[in-house]
Amino acid sequence: MDFTAEVSIAVRRNPRETLLKAISNLSEPLRIDHMFNRVIIKPSIYDPSLVGNTNPSLIRALVEMFAGESVFVVESDNPRRTAEQAFAGLGLFSLKSDRVSLVNLSSSPVAASCPPGHILNKIRMPELLMKPHGYLVSAATVKRESNKAVLGAGLKNLFGLIPERDKSVYHEQLSDVIVDLLMAFRPALSVVDLTDVVIGDRESGRSQHIGGVVLGTDPVAVDAFCAGLLGIKPVDIPYIRRAYELGLGEALLDRVRVRGTDHQRTMLEESFAAMRGCNTGRGTGHHWDSE
Numbered sequence: 405m406d407f408t409a410e411v412s413i414a415v416r417r418n419p420r421e422t423l424l425k426a427i428s429n430l431s432e433p434l435r436i437d438h439m440f441n442r443v444i445i446k447p448s449i450y451d452p453s454l455v456g457n458t459n460p461s462l463i464r465a466l467v468e469m470f471a472g473e474s475v476f477v478v479e480s481d482n483p484r485r486t487a488e489q490a491f492a493g494l495g496l497f498s499l500k501s502d503r504v505s506l507v508n509l510s511s512s513p514v515a516a517s518c519p520p521g522h523i524l525n526k527i528r529m530p531e532l533l534m535k536p537h538g539y540l541v542s543a544a545t546v547k548r549e550s551n552k553a554v555l556g557a558g559l560k561n562l563f564g565l566i567p568e569r570d571k572s573v574y575h576e577q578l579s580d581v582i583v584d585l586l587m588a589f590r591p592a593l594s595v596v597d598l599t600d601v602v603i604g605d606r607e608s609g610r611s612q613h614i615g616g617v618v619l620g621t622d623p624v625a626v627d628a629f630c631a632g633l634l635g636i637k638p639v640d641i642p643y644i645r646r647a648y649e650l651g652l653g654e655a656l657l658d659r660v661r662v663r664g665t666d667h668q669r670t671m672l673e674e675s676f677a678a679m680r681g682c683n684t685g686r687g688t689g690h691h692w693d694s695e
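Under the numbering used here, the sequence shown has 641 at position 237, and the numbering climbs by one with no breaks.
Treat the hints with care, since some could be wrong.
[What the hints assert, rightly or not] Once the Cα atoms are required to be at most 27 Å apart in a straight line, the calculated DSS-like pairs of lysine-lysine come out as:
(1) LYS535 to LYS500
(2) LYS500 to LYS425
(3) LYS535 to LYS571
(4) LYS526 to LYS571
In case anyone wonders, no lab produced these hints; they're calculated from the structure.
Turn these sequences into a full structure, and let the hints steer you where they fit.
Laid out in structure tokens, this is it:
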């Protein structure tokens, strides 16, 4: 079997240990090239009063992992809260230091020109994102959306880079927008937090503790893997399929090498199978490497 991408998984006692273990599982060490002059971390914070946000301990661990680099933790406003309220709700203001900034993309200076794309070429994006030499980390959660054509994971998290408060105007063209964002602001590292996974609507307050993480340098492969955990064929998600067809990443699970132990695999698959209300099975099409 020829593998064209890899993702790494880990399940540990806390988000920091989980992240570091998954990073260490990668076949090649994660390095920031000298060409990068800043790290931009985009967590997923829909509403800090609800379940389903990136675990603050994972965000802290990412900031610590890039010690010595200038780090910007970014979020935009949405109709439920401002970015500042999102940061405060997760207790992130304590991260601020000479090298770590919390940035509201909705009130940040925008670039003079728009990025290329079918939809994005009409949107003025923040200068922080448009300037070259930024190392972008998508630190998302995973959620099966009510719209079966949408998967809440790393690629959907890029939607939050758009500075407009009300982004619903783009929902009908969501796949085009996400592919545009992927082409313009491709994450160097895509991390999906599986510490606690939402069950049903966020408003229900229900979640399942799993204590895992999925990550990789191919954001399409990471989302494809997460789709498989949720029992979704990756190519049934329009923007994953389009990204694959455009050569932006791997969406075929039998071409994705998964770095992790059999025990970690079993824990993830059984947890997600239970959440889906179906029997546990190994027939996901993933190829696993033992430690």
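For each hint, the structure was consulted:
| no. | hint | in the structure |
| --- | --- | --- |
| 1 | LYS535 to LYS500 | 22 Å, holds |
| 2 | LYS500 to LYS425 | 26 Å, holds |
| 3 | LYS535 to LYS571 | 23 Å, holds |
| 4 | LYS526 to LYS571 | 14 Å, holds |
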